[in-house]
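Novice: Make a model of the complete structure from these sequences and hints.
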Amino acid sequence: MKPGLSLLYLAGSTPRQMFSIMERFSQECGIWELIDDGNIRLDRKMLERLSGYALSYGFKYSIHAPFTDLNIASLNSTIRKLSLKAIGETLKKAYKLNAKTVVIHPGFKGPLEYFYPRKALETNLKSIRILLNQAENLGVRLTVENMPKGGWPLLSTLEEFEKFFQEKGLRSLGLALDVGHAQTVGQVKAFIKRLNRKISHVHLHDNFGSEDSHLEIGDGSVNWASTIKALKKAGFSGYLIIESIRNPPESLKRLKGLLKGLN
38 MKPGLSLLYL AGSTPRQMFS IMERFSQECG IWELIDDGNI RLDRKMLERL
88 SGYALSYGFK YSIHAPFTDL NIASLNSTIR KLSLKAIGET LKKAYKLNAK
138 TVVIHPGFKG PLEYFYPRKA LETNLKSIRI LLNQAENLGV RLTVENMPKG
188 GWPLLSTLEE FEKFFQEKGL RSLGLALDVG HAQTVGQVKA FIKRLNRKIS
238 HVHLHDNFGS EDSHLEIGDG SVNWASTIKA LKKAGFSGYL IIESIRNPPE
288 SLKRLKGLLK GLN
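Here this note's numbering is used: the first residue of the sequence shown is 38, the next is one more, and so on.
Hints are supplied without guarantee of correctness; some may be wrong.
[Claimed, not checked] The list that follows gives simulated cross-link-like pairs (lysine to aspartate or glutamate, EDC-like), each with its CA atoms no further than 20 Å apart:
{"no.": "1", "residue 1": "K163", "residue 2": "E199"}
{"no.": "2", "residue 1": "K97", "residue 2": "D80"}
{"no.": "3", "residue 1": "K82", "residue 2": "D106"}
Treat the hints as calculated values from the structure; they're not laboratory data.
Specialist: The following block contains the structure:
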């Protein structure tokens, strides 16, 4: 298992600030999850600089696809097409950066869900199949993230994901297990135990189960020692990405301590 940092907490910062942070923590962190959204959305110049960092610092990347105002399950075809286009561009950026994993959010229910039951689920599946085909052609691993509890997400609980992964044409699709989100539905251990073969990427942040607060690991109610041990037992060997929005380097330090304790 390889620890790294998400740059989500810098989504409101400037690219200059982002690069400054990456340089500052280059000794502590060699794996970065880039956010193709907000003020640090990846443009051509940023891609060139990040490619240079991969050579000079040995950085490795994953990319979180854009999600602001997007919905791949939208019943509005204009919104859906725009969402697919935006994520498709991220897949191309991942290919250019040799970022092996792209994380996407599943779609969510819209205001007309009552009148069209299951239509959003069908549209979500269709969209993911399209994106998965694009990712496969580029040699990029597409992963879908479990969402926190609430009435709007299409894929949040373990049961929803188990049913979803039974659909045809999803063999190469991975699960980006978000431990903080799984905590809000009380299913951290269950996700790891029952979907261990699909987990290919992990997000780590804490909360107290009631809301998706993205706290530092150890500042909420997640049992981190048990969680990390369960991931190891499940055979997970991918990236463990800290997604705390306050002082993530401290969470990274705590994570490294937990990993050291496994040896």
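Novice: Are the Cα positions of K163 and E199 separated by 20 Å at most?
Specialist: Roughly 17 Å between the alpha carbons, so the hint for K163 and E199 holds.
Novice: Can the restraint linking K97 and D80 be considered satisfied, given a maximum Cα separation of 20 Å?
Specialist: 18 Å, holds
Novice: Is the Cα-Cα distance between K82 and D106 20 Å or less?
Specialist: Since the Cα atoms of K82 and D106 sit roughly 24 Å apart, the hinted pair is violated (cutoff 20 Å).
In the structure shown, a violation is registered for the earlier hint numbered 3 alone.
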